[in-house]
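Student: The lines below spell out each chain.
Number of protein chains: 4
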Amino acid sequence: MSAGFVGLTLYQPGGLFDSIYFIEEVIVNTRSRYQDIMIARIKGFGKSLILDGWLQSTEADEYIYHESLVHPAMIMHDYPRQVLVLGGGEGATLREVLKYKSVEEAVMVDIDPLVVELSKKYLTEWHQGSFEDPRSKVMIMDGFEYVRKASEEAKKFDVVVMDLTDPYGSEIAMKLYSSSAFQLLKKIMDQQSILVVQAGSSTLFREAYERVEKAVSSVFKHVAEYVTWVPSFAYMNSFIIASDTYSFENIDVNIIDERVRERGLRLRFFNARRMVSMFGLAGLRLEGYNS
Amino acid sequence: MSAGFVGLTLYQPGGLFDSIYFIEEVIVNTRSRYQDIMIARIKGFGKSLILDGWLQSTEADEYIYHESLVHPAMIMHDYPRQVLVLGGGEGATLREVLKYKSVEEAVMVDIDPLVVELSKKYLTEWHQGSFEDPRSKVMIMDGFEYVRKASEEAKKFDVVVMDLTDPYGSEIAMKLYSSSAFQLLKKIMDQQSILVVQAGSSTLFREAYERVEKAVSSVFKHVAEYVTWVPSFAYMNSFIIASDTYSFENIDVNIIDERVRERGLRLRFFNARRMVSMFGLAGLRLEGYNS
Amino acid sequence: MSAGFVGLTLYQPGGLFDSIYFIEEVIVNTRSRYQDIMIARIKGFGKSLILDGWLQSTEADEYIYHESLVHPAMIMHDYPRQVLVLGGGEGATLREVLKYKSVEEAVMVDIDPLVVELSKKYLTEWHQGSFEDPRSKVMIMDGFEYVRKASEEAKKFDVVVMDLTDPYGSEIAMKLYSSSAFQLLKKIMDQQSILVVQAGSSTLFREAYERVEKAVSSVFKHVAEYVTWVPSFAYMNSFIIASDTYSFENIDVNIIDERVRERGLRLRFFNARRMVSMFGLAGLRLEGYNS
Amino acid sequence: MSAGFVGLTLYQPGGLFDSIYFIEEVIVNTRSRYQDIMIARIKGFGKSLILDGWLQSTEADEYIYHESLVHPAMIMHDYPRQVLVLGGGEGATLREVLKYKSVEEAVMVDIDPLVVELSKKYLTEWHQGSFEDPRSKVMIMDGFEYVRKASEEAKKFDVVVMDLTDPYGSEIAMKLYSSSAFQLLKKIMDQQSILVVQAGSSTLFREAYERVEKAVSSVFKHVAEYVTWVPSFAYMNSFIIASDTYSFENIDVNIIDERVRERGLRLRFFNARRMVSMFGLAGLRLEGYNS
Chain D
1 MSAGFVGLTL YQPGGLFDSI YFIEEVIVNT RSRYQDIMIA RIKGFGKSLI
51 LDGWLQSTEA DEYIYHESLV HPAMIMHDYP RQVLVLGGGE GATLREVLKY
101 KSVEEAVMVD IDPLVVELSK KYLTEWHQGS FEDPRSKVMI MDGFEYVRKA
151 SEEAKKFDVV VMDLTDPYGS EIAMKLYSSS AFQLLKKIMD QQSILVVQAG
201 SSTLFREAYE RVEKAVSSVF KHVAEYVTWV PSFAYMNSFI IASDTYSFEN
251 IDVNIIDERV RERGLRLRFF NARRMVSMFG LAGLRLEGYN S
Chain Y
292 MSAGFVGLTL YQPGGLFDSI YFIEEVIVNT RSRYQDIMIA RIKGFGKSLI
342 LDGWLQSTEA DEYIYHESLV HPAMIMHDYP RQVLVLGGGE GATLREVLKY
392 KSVEEAVMVD IDPLVVELSK KYLTEWHQGS FEDPRSKVMI MDGFEYVRKA
442 SEEAKKFDVV VMDLTDPYGS EIAMKLYSSS AFQLLKKIMD QQSILVVQAG
492 SSTLFREAYE RVEKAVSSVF KHVAEYVTWV PSFAYMNSFI IASDTYSFEN
542 IDVNIIDERV RERGLRLRFF NARRMVSMFG LAGLRLEGYN S
Chain P
583 MSAGFVGLTL YQPGGLFDSI YFIEEVIVNT RSRYQDIMIA RIKGFGKSLI
633 LDGWLQSTEA DEYIYHESLV HPAMIMHDYP RQVLVLGGGE GATLREVLKY
683 KSVEEAVMVD IDPLVVELSK KYLTEWHQGS FEDPRSKVMI MDGFEYVRKA
733 SEEAKKFDVV VMDLTDPYGS EIAMKLYSSS AFQLLKKIMD QQSILVVQAG
783 SSTLFREAYE RVEKAVSSVF KHVAEYVTWV PSFAYMNSFI IASDTYSFEN
833 IDVNIIDERV RERGLRLRFF NARRMVSMFG LAGLRLEGYN S
Chain X
874 MSAGFVGLTL YQPGGLFDSI YFIEEVIVNT RSRYQDIMIA RIKGFGKSLI
924 LDGWLQSTEA DEYIYHESLV HPAMIMHDYP RQVLVLGGGE GATLREVLKY
974 KSVEEAVMVD IDPLVVELSK KYLTEWHQGS FEDPRSKVMI MDGFEYVRKA
1024 SEEAKKFDVV VMDLTDPYGS EIAMKLYSSS AFQLLKKIMD QQSILVVQAG
1074 SSTLFREAYE RVEKAVSSVF KHVAEYVTWV PSFAYMNSFI IASDTYSFEN
1124 IDVNIIDERV RERGLRLRFF NARRMVSMFG LAGLRLEGYN S
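If you're matching them up, the sequences are chains D, Y, P and X in order.
First residue of the first sequence: 1, per my numbering; consecutive thereafter.
First residue of the second sequence: 292, per my numbering; consecutive thereafter.
First residue of the third sequence: 583, per my numbering; consecutive thereafter.
First residue of the fourth sequence: 874, per my numbering; consecutive thereafter.
What the hints contain is simulated information worked out from the structure, not anything from laboratory work.
Heads up, none of these hints are tricks.
From the structure, some residues in chain X lie toward chain D, with a derived Cβ separation under 8 Å:
# : residue
1 : F878
2 : G880
3 : T882
4 : P886
5 : E898
As a list, the in silico DSBU-like pairs of lysine-lysine whose alpha-carbon atoms are at most 35 Å apart:
#  : chain 1 : residue 1 : chain 2 : residue 2
6  : Y       : K334      : D       : K214
7  : P       : K625      : Y       : K466
8  : X       : K1060     : X       : K1087
9  : X       : K1087     : P       : K625
10 : D       : K43       : Y       : K505
11 : D       : K221      : D       : K156
12 : P       : K702      : Y       : K412
These stretches of chain P come out as covered by chain X in the derived footprint (C-beta under 8 Å, 3 or more residues):
#  : stretch
13 : 595-608
14 : 811-820
Nothing here was measured: the structure is a model prediction, and the numbers come from that model.
Yeah, the Cβ is synthetic: ideal placement off N, Cα and C, and Gly gets one too.
The whole structure should be built from the sequences, with the hints applied where relevant.
Tutor: The following block contains the structure:
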């Protein structure tokens, strides 16, 4: 008479409504020095990574999230050689970055060795060998510290991808969403460099989003939001893209299209038309919302 | 230690995950001959209409839904004079249709007099007087029957908008999603006419969506999907647009832009760039999904 | 594939687990000066009173709660003439008190006129005319204030029944669970008087329960806990009974049995054997519990 | 603004309301040939066994359940020597049975070797070495088959304890709740033997309970219900006790008390007064209930 299900669920507060996911199997359930780590099979979405109780990515739709995160910045850049990924422990962000032959070095910095180790073992569909690519350099350390050291060594990156837990989720990523973190980041970027930041839902968690956007805007000349729908997240995910050279206002679909072809990218979600659309649907703010 | 809330919630199965909304106030809670009707204030989304326990539209984001439903078809048509709305009891679909000065008659057919009556009384933010517009003709009857009669009278519509409960929600709309219903509809449309159908989530309720799409495709030459994110629905909502004349493959953003200006439309969400984007982000199918 | 239900639910944190009730119909949904008041039909339990989102009593099992609350104290007393009910807006506590022909006056004091008014109108199964009994005296005022005034007038009660919202639920009852409130109460009771206090679940909300028990124990010589299972509450409800004369340690089932017969009580749940059992099953404390 | 928790929960339909438990840690999550087996730490209740998504017993209150299940039958019997436990894979039922020095052999029959193996390894607080007691004989086989064979060998048991999954929960126990199963059981019992059956909630799952009670009544002369509150179950658990010799109508608390002392039982929940109370509070049927 009541619910048709019984069993393990994942309860996820969502800002305005809460979501309940159905867990079919718990594969890993442990705690690192930094966070609770769970890998579980979720009904309809397959294998999934959950950190501190928050869903990070699922087998069924991680490609939407990761392609949307990586390609707008990479395709906008004329010739990305040096790429930095902050976070991204699953290895899928790295996987997308390495699709560009121009990339000479892809540095990935994740604070939690256990996330990386478990991803290597259980999330092969995510990384697909990207950790073993000779161009990959995986550092286990605090991202902030890495950036500080890199700036001292005058290292420069063409594209920087911030793929951290949400600015309203787990505590551990907070420091990297601050103005001072972005100022530090600027030091390891040049005039042509592009930064992209995963920023949760700007509609449902507006306040947290705007705090990050403000911090980025204090450092970069051009800043824009774009969005992609990740079905398992129950919302449009917002990304903040920033640069001192490229304005994101009039993206030419034909140029993007040409670059996707030229660079020989094999993609499942991203294409020129979708890139333009991701920018076109950004900026949704509900007036009645206060969380 | 457990949940931070206590009180009334709306439980909504969502295909792959369930959602829980927080009810602040129940304004109307009744039953018509056809369905349970509730008007309630939902945390973060304001006043909302709920039919048979399924959320229909909310004060905070109904404009996104209704503008996305109405304008692509209306703006594609060269000069829409006669418009038919099936369902749409809140009066907001009518409101958007009437924004076009070219419209001479907007017929709205809803089966449930109580939904219309309660909308008139409580959902003024939705209809905004559209029921009283001299061009409006509101019929309380079965939509299928209306179409049959109209076809006998050789009546023709330039644009037909199907704004019914989801093809997987309440039972009462099912008949109108069938092939025979679309064949009948075709009789009251001419070569230039455009049909648009709200079709739920093609990603989360794929099977139901594809059944409707197949039925529409059996009748019209050109059929396309476009999507819009309605935050309160927890998903991208799919629409099916169909015509024998207009292909929806290469929509020219400049023409749309010009028409929006020419026709003097005052809109909150819809614009030329967003229209193109809504088509650009359609077509998401998760392989792992089976519901 | 997911939940078999859709619609309105009541979400109730329960200390160690949360409960979800299915609402079939909202009958009243309003706010008084003091609290949110809802009367709704809950699946399986029928018409129910909900204050500030907390379930108070349901048509299906209110008799278990109210008979368990009232009769142990009333039956222990040799000849209850003057009875005071604090709270009990539904009128069902009054109904049980008035079953004793010895009662000359039953004073009920509730702070919220709207609860009493709505109960009179909608909860007829609860009060069954008890408000109209010539022996009833219903006062709308703060219970604490009533007790203060009554003590100044040297009024004495044989039995006092505290039927308030839980000591961990709504805020408004808190003052009456304090030591000073019980000291004040003592002034309007004599050597033979008996006090009974509804005290929520001593197992699931142990800390709140023990606070109240301690306050009562600082004032009365004999204090005991007894329990009754109220199915809709999802737990055994604890009551604290106190007196300076009667010890509750060795209740003679035969004497109770005889009194039930002598006093001509017509009851659905309570009897001598159950009274003994309610004391017998009290005192459950889970060691692992911390809320 | 919404729920204060995020993370893994156990969703449990409860007949009239559903319950949500908070999982702190998943210790084991696997599937045997017969069922899903999970051992998890549940907030407030500690380590817990969950079969096919249904909570079986928790560290915090398993003693209430197991003492209530075993001792009424064992204490009623004049001198229990041979005891049969059907189900009870955790080993806690065995633990309680072995507290009686009169017991010469305690046969435990569980169909699922994995439940027993995992219990041995992870649920040491439950079995406390009872599997190693020289009087224990653990058989991994279908209970029905065991009873058939034992009857062919003319084996007799003084007490039979049925400790299976609920008659409305998992499917695998269903066969043992039938009339034919009880007729077969009768063949391995003599005139003085006592049977006790865990029977779920007679109030919340009334129909399933009454089916079992009817089946037992068709075989035994005296049949009675008694109940105990298991906090983690969210209800009073019903047990059916049956015998051809002992009527359960007038249990003498003094005799029980004496036996508990004589037999040197060390118990946490059960005592003579509670035994009487468990029978005294049985028999709750809500009229409004239909599931």
